[in-house]
Amino acid sequence: GALRMATAQANEPPMSRPSTGRSSTMQAWETGLENPNVLDTEPIAVRGQSAGGHRQLDADGKDGDGDGKSGCGCLKSCKHGLQSIWRTRDTQDTKEDRELYIKTTLRELIIYCIFIIVLMIITFGMTSSTMYYYTKVLSDLFLDTKIENTTNNYRSVGNMGDWWSFVNGPLMNGLYWDTWYNSANFSDPREKNFIYYENKLLGVPRLRQLRVSNQSCNIASYFQGKISTCYAKYSYGVTDKSSFGLGNSTAWQYRSEEQLDGRSHNAEISSYDGGGFAVELSRDKATTQAILKELYNKLWVNRGTRAVFIDFTLYNANINLFCVIRLVTEFMATGGCLPTWDLRTVKLLRYVEPMDYFILACECVFMLFILYYIVEEALEIKKHKWRYFRCFWNCLDILVIVISTVCAAFNVYRTVAVGQKLTILLQDENNFPDFDFLSYWQQQFNHGIAITVFFAWVKIFKYISFNKTMTQLSSTLGACAKDLMGFAIMFFIVFFAFAQLGYLIFGTQVKDFREFQQSVFTLFRIILGDFDFNSLQTANRVLGPIFFILYVFFVFFVLINMFLAIINDTYSQVKSDLSMQQNEFEMTDYFKQRASRMLSKLNLRRDKIVDIQKAIQSADLNNDKQLDFEEWRAELKQRGYADGEIEALFA
Numbered sequence: 039g040a041l042r043m044a045t046a047q048a049n050e051p052p053m054s055r056p057s058t059g060r061s062s063t064m065q066a067w068e069t070g071l072e073n074p075n076v077l078d079t080e081p082i083a084v085r086g087q088s089a090g091g092h093r094q095l096d097a098d099g100k101d102g103d104g105d106g107k108s109g110c111g112c113l114k115s116c117k118h119g120l121q122s123i124w125r126t127r128d129t130q131d132t133k134e135d136r137e138l139y140i141k142t143t144l145r146e147l148i149i150y151c152i153f154i155i156v157l158m159i160i161t162f163g164m165t166s167s168t169m170y171y172y173t174k175v176l177s178d179l180f181l182d183t184k185i186e187n188t189t190n191n192y193r194s195v196g197n198m199g200d201w202w203s204f205v206n207g208p209l210m211n212g213l214y215w216d217t218w219y220n221s222a223n224f225s226d227p228r229e230k231n232f233i234y235y236e237n238k239l240l241g242v243p244r245l246r247q248l249r250v251s252n253q254s255c256n257i258a259s260y261f262q263g264k265i266s267t268c269y270a271k272y273s274y275g276v277t278d279k280s281s282f283g284l285g286n287s288t289a290w291q292y293r294s295e296e297q298l299d300g301r302s303h304n305a306e307i308s309s310y311d312g313g314g315f316a317v318e319l320s321r322d323k324a325t326t327q328a329i330l331k332e333l334y335n336k337l338w339v340n341r342g343t344r345a346v347f348i349d350f351t352l353y354n355a356n357i358n359l360f361c362v363i364r365l366v367t368e369f370m371a372t373g374g375c376l377p378t379w380d381l382r383t384v385k386l387l388r389y390v391e392p393m394d395y396f397i398l399a400c401e402c403v404f405m406l407f408i409l410y411y412i413v414e415e416a417l418e419i420k421k422h423k424w425r426y427f428r429c430f431w432n433c434l435d436i437l438v439i440v441i442s443t444v445c446a447a448f449n450v451y452r453t454v455a456v457g458q459k460l461t462i463l464l465q466d467e468n469n470f471p472d473f474d475f476l477s478y479w480q481q482q483f484n485h486g487i488a489i490t491v492f493f494a495w496v497k498i499f500k501y502i503s504f505n506k507t508m509t510q511l512s513s514t515l516g517a518c519a520k521d522l523m524g525f526a527i528m529f530f531i532v533f534f535a536f537a538q539l540g541y542l543i544f545g546t547q548v549k550d551f552r553e554f555q556q557s558v559f560t561l562f563r564i565i566l567g568d569f570d571f572n573s574l575q576t577a578n579r580v581l582g583p584i585f586f587i588l589y590v591f592f593v594f595f596v597l598i599n600m601f602l603a604i605i606n607d608t609y610s611q612v613k614s615d616l617s618m619q620q621n622e623f624e625m626t627d628y629f630k631q632r633a634s635r636m637l638s639k640l641n642l643r644r645d646k647i648v649d650i651q652k653a654i655q656s657a658d659l660n661n662d663k664q665l666d667f668e669e670w671r672a673e674l675k676q677r678g679y680a681d682g683e684i685e686a687l688f689a
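Using this note's numbering, the first residue of the sequence shown is number 39, and each one after it goes up by one.
Among these hints, one or two may not hold up.
Below, computed lysine to any residue pairings styled on SDA-like, alpha-carbon distance capped at 20 Å [as the list claims (entries may be wrong)]:
{"no.": "1", "residue 1": "Lys420", "residue 2": "Cys402"}
{"no.": "2", "residue 1": "Lys549", "residue 2": "Gln538"}
{"no.": "3", "residue 1": "Lys613", "residue 2": "Ala517"}
{"no.": "4", "residue 1": "Lys385", "residue 2": "Leu460"}
{"no.": "5", "residue 1": "Lys174", "residue 2": "Leu359"}
{"no.": "6", "residue 1": "Lys497", "residue 2": "Leu437"}
{"no.": "7", "residue 1": "Lys238", "residue 2": "Lys459"}
{"no.": "8", "residue 1": "Lys459", "residue 2": "Glu318"}
In case anyone wonders, no lab produced these hints; they're calculated from the structure. Here the structure is a predicted model, which is why all the values come from computation and not from measurement.
Work out the full structure, taking the sequences as your base and the hints as a guide.
Pasting the structure below:
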């Protein structure tokens with residue numbers, strides 16, 4: 039509303055009004071106005087337009103042009119209400135209306151914060167530190183238990199003999215817990231096949247191997263008379279699918295990936311097919327030992343073997359977690375073997391406890407948010423067409439929606455598939471339960487949710503970009519993008535030259551340079567200070583130190599410092615430019631104005647004339663009784679006055 043001022047004393051010195059609304063100066067009021075009784079104010083209704091052409095509002099905030107029409111019907115109101123739900127800065131023209139811009143941004147930010155909270159509840163409800171300890175306990179049992187009469191364990195298995203010693207020793211003792219620790223038998227037969235007395239062995243374990251055929255590689259002509267067999271390294275083209283040995287069980291007959299319902303596996307040396315020569319063990323330790331003895335005596339593992347897989351699955355009802363374990367031993371064409379392992383601790387039964395059902399409710403709310411954002415992005419695409427995809431944040435929105443939708447679909451599939459698989463397994467526990475596929479995709483589901491969380495947090499920058507402090511990161515990276523691209527070309531030319539040089543010189547002797555990609559990772563680690571200089575010097579006493587010194591000088595001292603210089607110079611320039619700009623809008627001023635209006639409605643209005651007098655005194659910093667209008671206007675705005683009130687006072 040406007041302010042009406044009445045002079046209380048006849049000898050009050052007059053206030054000279056600026057000749058123009060925003061450019062002139064005015065004579066400061068005398069100190070006699072410090073008395074709050076000098077002026078009296080009250081809100082009045084003002085209609086029409088002021089001299090400056092600004093539309094005036096009455097005390098209720100209604101336009102003075104008239105009452106207008108009451109509405110265009112229920113249908114139009116419903117349509118307007120639905121449109122307001124998906125109102126964003128990209129669907130509304132907020133460039134000219136700053137208050138609408140503020141309201142829209144705040145509404146988007148509040149809704150998105152609720153979305154983040156729901157997503158956090160879901161993600162932290164899926165995982166816990168118990169998963170780590172469960173994995174550690176089982177890895178200690180199967181990977182670190184010493185083989186009898188040796189200091190070796192599974193991690194240090196180096197040949198076929200070591201592998202058989204592990205299978206007949208730590209593996210058998212770890213899989214079959216038939217008695218209590220005092221050798222007393224279990225009173226209930228159902229208590230058998232519980233590892234550590236807590237982890238139920240689901241079904242039976244499986245042994246599977248993949249082989250290559252003889253003469254799968256070419257023997258040099260000089261040795262053809264001396265060497266009659268040649269087994270190449272593993273590849274799908276040289277896989278041996280013919281039966282071998284003297285046994286009649288499935289262990290000696292090849293079965294395809296479809297027959298075994300298997301899945302390919304990426305190990306350290308190669309990637310292996312899901313088929314092979316497989317044998318299911320037993321739930322009884324004595325029967326399993328008899329099967330292993332037959333395989334051992336008939337050389338089930340021999341020169342043609344390239345990989346052996348040991349698969350089994352455990353379930354702990356105390357913590358409702360599955361652990362799908364795969365121990366892979368790769369028998370290399372060089373001789374010897376390389377053990378690897380994969381322990382997947384996953385929660386395949388998602389809804390068991392009351393807290394799980396709370397997570398289910400949050401997942402339903404999360405899907406409602408995804409539907410909400412799908413409609414929102416569709417409206418924005420409809421309005422902006424292909425220009426929509428030019429914005430980074432829009433592309434990020436689409437990516438989050440796609441990943442969330444895929445994860446939701448897998449969540450439904452996983453729940454159904456696990457139920458079906460357990461139903462079949464519990465009818466006959468002498469079958470092998472292949473949880474490898476479900477556990478693998480459960481891990482990918484967890485990774486997808488993790489990526490969604492990461493992008494969701496990054497997206498917060500979209501809603502706080504109104505503050506110039508918050509835009510320093512994006513502004514710096516955007517300003518130096520061209521310089522960084524030019525630097526990147528120069529950097530990677532030098533970097534990959536050193537990577538290839540290191541691979542060719544040290545690849546045969548140093549583990550960190552055994553492959554080109556490993557050489558690349560090693561050089562990145564050297565930049566961060568993680569390096570093994572002794573291994574380079576041992577591999578080559580001359581070229582090792584020269585390689586290390588040249589790499590550190592050119593990459594660490596020269597190129598890395600050039601990179602930091604580009605970032606620092608650009609940041610200084612951006613910070614200087616931003617200091618000369620005003621914020622896109624002042625959020626604090628908006629809240630002050632809203633609070634002032636609320637207090638006015640509650641009849642807790644302050645004495646505005648006192649505020650005006652204090653504003654004059656505060657703004658007159660040099661006490662020369664001269665006050666710039668813009669300074670006084672800024673002072674009043676900080677005290678919560680709107681532009682309309684300030685203009686009405688001078689009108």
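Do the hints match the structure? See the list:
no. : hint              : result
1   : Lys420 <-> Cys402 : 27 Å, violated
2   : Lys549 <-> Gln538 : 15 Å, holds
3   : Lys613 <-> Ala517 : 11 Å, holds
4   : Lys385 <-> Leu460 : 14 Å, holds
5   : Lys174 <-> Leu359 : 14 Å, holds
6   : Lys497 <-> Leu437 : 11 Å, holds
7   : Lys238 <-> Lys459 : 16 Å, holds
8   : Lys459 <-> Glu318 : 18 Å, holds
In this structure, only the earlier hint numbered 1 is contradicted, and the remaining ones agree with it.
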